[in-house]
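Undergrad: If you read the sequences in order, they're chains A and B. In terms of my numbering, the first sequence opens at residue 75 and continues consecutively. In terms of my numbering, the second sequence opens at residue 47 and continues consecutively.
Just so you know, the hints here were simulated from the structure itself, not pulled from any lab data. The structure displayed is predicted, hence computed values, not measured ones. It cannot be assumed that every hint is accurate.
Short derived list, chain A residues pointing at chain B, Cβ under 7 Å [what the hints assert, rightly or not]:
#1 D78
#2 W80
#3 Q85
#4 L93
#5 L96
#6 P103
#7 M104
#8 R111
Once the Cα atoms are required to be at most 16 Å apart in a straight line, the calculated EDC-like pairs of lysine to aspartate or glutamate come out as [what the hints assert, rightly or not]:
#9 B:K91 - A:E110
#10 B:K91 - B:E102
#11 A:K106 - B:E102
#12 A:K106 - B:D119
Glycine included, each C-beta is placed from N, C-alpha and C at the ideal position.
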Amino acid sequence: MRIDWWTLGLQTINLLVLLWLLGRFFFRPMAKIVAERQAAANELLDAARKAQDKAEAAVQEAQAERDRSAAAREAVLDAARKEAEAQRAKLIETAHAEALRKRSEAETAIDHARSEAEAQLARQANVLATDVAAHLLEGPGARLPVGAFLPELEQALAELPGRTRSAIATPAAPASLISARPLADDDAQAARTAVSGALGHDATLSFDTDPSLVAGLRLSSGMVVLDVNLRADLDRVLAGLDSRDG
Amino acid sequence: MIQPPLTAEPVFHLGPVPITQPVLTTWAIMALMVLFSVLLSRRLKQRPGRTQTVMELITGALDQQIGDVVQSDPAPYRALIGTIFLFVFVANWSGALPGVEPPTAHLETDAALALIVFGATLYHGVRVNGVVGYLKTFADPHWVMIPLNLVEQITRTFSLFIRLFGNVMSGVFIIAIMLSLAGFLVPIPLMALDLLTGAVQAYIFAILGCVFIGAAVSERGDAEKNSRERSAA
Numbered sequence: 075m076r077i078d079w080w081t082l083g084l085q086t087i088n089l090l091v092l093l094w095l096l097g098r099f100f101f102r103p104m105a106k107i108v109a110e111r112q113a114a115a116n117e118l119l120d121a122a123r124k125a126q127d128k129a130e131a132a133v134q135e136a137q138a139e140r141d142r143s144a145a146a147r148e149a150v151l152d153a154a155r156k157e158a159e160a161q162r163a164k165l166i167e168t169a170h171a172e173a174l175r176k177r178s179e180a181e182t183a184i185d186h187a188r189s190e191a192e193a194q195l196a197r198q199a200n201v202l203a204t205d206v207a208a209h210l211l212e213g214p215g216a217r218l219p220v221g222a223f224l225p226e227l228e229q230a231l232a233e234l235p236g237r238t239r240s241a242i243a244t245p246a247a248p249a250s251l252i253s254a255r256p257l258a259d260d261d262a263q264a265a266r267t268a269v270s271g272a273l274g275h276d277a278t279l280s281f282d283t284d285p286s287l288v289a290g291l292r293l294s295s296g297m298v299v300l301d302v303n304l305r306a307d308l309d310r311v312l313a314g315l316d317s318r319d320g
Numbered sequence: 047m048i049q050p051p052l053t054a055e056p057v058f059h060l061g062p063v064p065i066t067q068p069v070l071t072t073w074a075i076m077a078l079m080v081l082f083s084v085l086l087s088r089r090l091k092q093r094p095g096r097t098q099t100v101m102e103l104i105t106g107a108l109d110q111q112i113g114d115v116v117q118s119d120p121a122p123y124r125a126l127i128g129t130i131f132l133f134v135f136v137a138n139w140s141g142a143l144p145g146v147e148p149p150t151a152h153l154e155t156d157a158a159l160a161l162i163v164f165g166a167t168l169y170h171g172v173r174v175n176g177v178v179g180y181l182k183t184f185a186d187p188h189w190v191m192i193p194l195n196l197v198e199q200i201t202r203t204f205s206l207f208i209r210l211f212g213n214v215m216s217g218v219f220i221i222a223i224m225l226s227l228a229g230f231l232v233p234i235p236l237m238a239l240d241l242l243t244g245a246v247q248a249y250i251f252a253i254l255g256c257v258f259i260g261a262a263v264s265e266r267g268d269a270e271k272n273s274r275e276r277s278a279a
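Produce the complete structure using the sequences and hints provided.
TA: Okay, structure coming up:
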């Protein structure tokens, strides 16, 4: 066996050339395309990872937003609840105050009504008392003489102004002398004399009766009315009682 | 006149250079491989077709093997180991074509392959470890081992191409003998076996070349490790 050195050299050169050519046209492009695909896959994976991160961030943001919304809703509900509570308390307070006011007004009205009723009752009692007194005095009063009331009538006429005295019981303004019972002639004459003396002129009198006077006289002439009788006294007593009872 | 079976006679001469049959066959194989590579590389796409997928699978498997052996990035060794594997594979299988004798059945082709592996071992050893560092690996684990390591470099290179030559050449001889003795169809099973042997031998040659290179580029680390172990002892 011998080695052909020319063939050995040529084959070595051939293989070196083949090595370069395959490296240039086969292995390098294959490695490049694989690397490019790997890079593209990595980019896709990175993009997918970013998208996933973004989606997770969006989910977290949505969760946070939902939490914030829930908190805001809770705050609004709490505020509304407090507002409603405050309004309710205010309404209760207003209603309470209104009830108190109404109650006070009612109590005032009741007091007023009671006072009026009491006053009316007192008035009625006073009237009743004076009526009772009038009935009680009817008997004794009938026995009193007219002359017992003439001095008092004369004093009342004397206390009138002079112009009034001169104007009453005149023919232009005749006076009426009213008694509880019809006067006897001498009593009427005595009364005319007394009145004329008190007035300073001849009095023009007419005589009349009014049982409600109980006892005594009433001189009426125009605007002037002079009461000298028990009814007037009872009326004054009644007025005094009314004023006392308020 | 019967020609010596292990001798490649010149087919023609280019000046003083004799062109033998293995050289012609190698040129044809080179042309086919380069043409295929050029056509394939022009049509590479991000979405690969069937052929591109097969080629990418081969390249990926090659990178995986180189990475497992060298324990580093396979890119610097991909073209060398890949070219050796593909060439030996195609050259071995070219014997299945009628009238074609595999170039690897001749000692010169296998020696050229082994010579390239030897040169690549030196180149990458020096590239990774530096000249001094690579030379220091011959004194590992002890300077006494320098002669043995030097002899190892030669003998393993010889064993590399002798193994390939013996397997392919024997297959060719057996088929030729069976063809001359038995007839036309009898050698077919042996030819199928020869294809299997050729594929296995291509793989063995490439892997052994890869192992030699891997050993060269990793011997620095081993040497330093052994030195530390000796110091500790």
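Undergrad: State for each hint whether it applies.
TA: Against the structure, the hints come out as follows:
| no. | hint | in the structure |
| --- | --- | --- |
| 1 | D78 | holds (6 Å) |
| 2 | W80 | holds (5 Å) |
| 3 | Q85 | holds (4 Å) |
| 4 | L93 | holds (5 Å) |
| 5 | L96 | holds (5 Å) |
| 6 | P103 | holds (4 Å) |
| 7 | M104 | holds (5 Å) |
| 8 | R111 | holds (6 Å) |
| 9 | B:K91 - A:E110 | holds (10 Å) |
| 10 | B:K91 - B:E102 | holds (11 Å) |
| 11 | A:K106 - B:E102 | holds (11 Å) |
| 12 | A:K106 - B:D119 | holds (15 Å) |
Hint violations for this structure: none, all hints satisfied.
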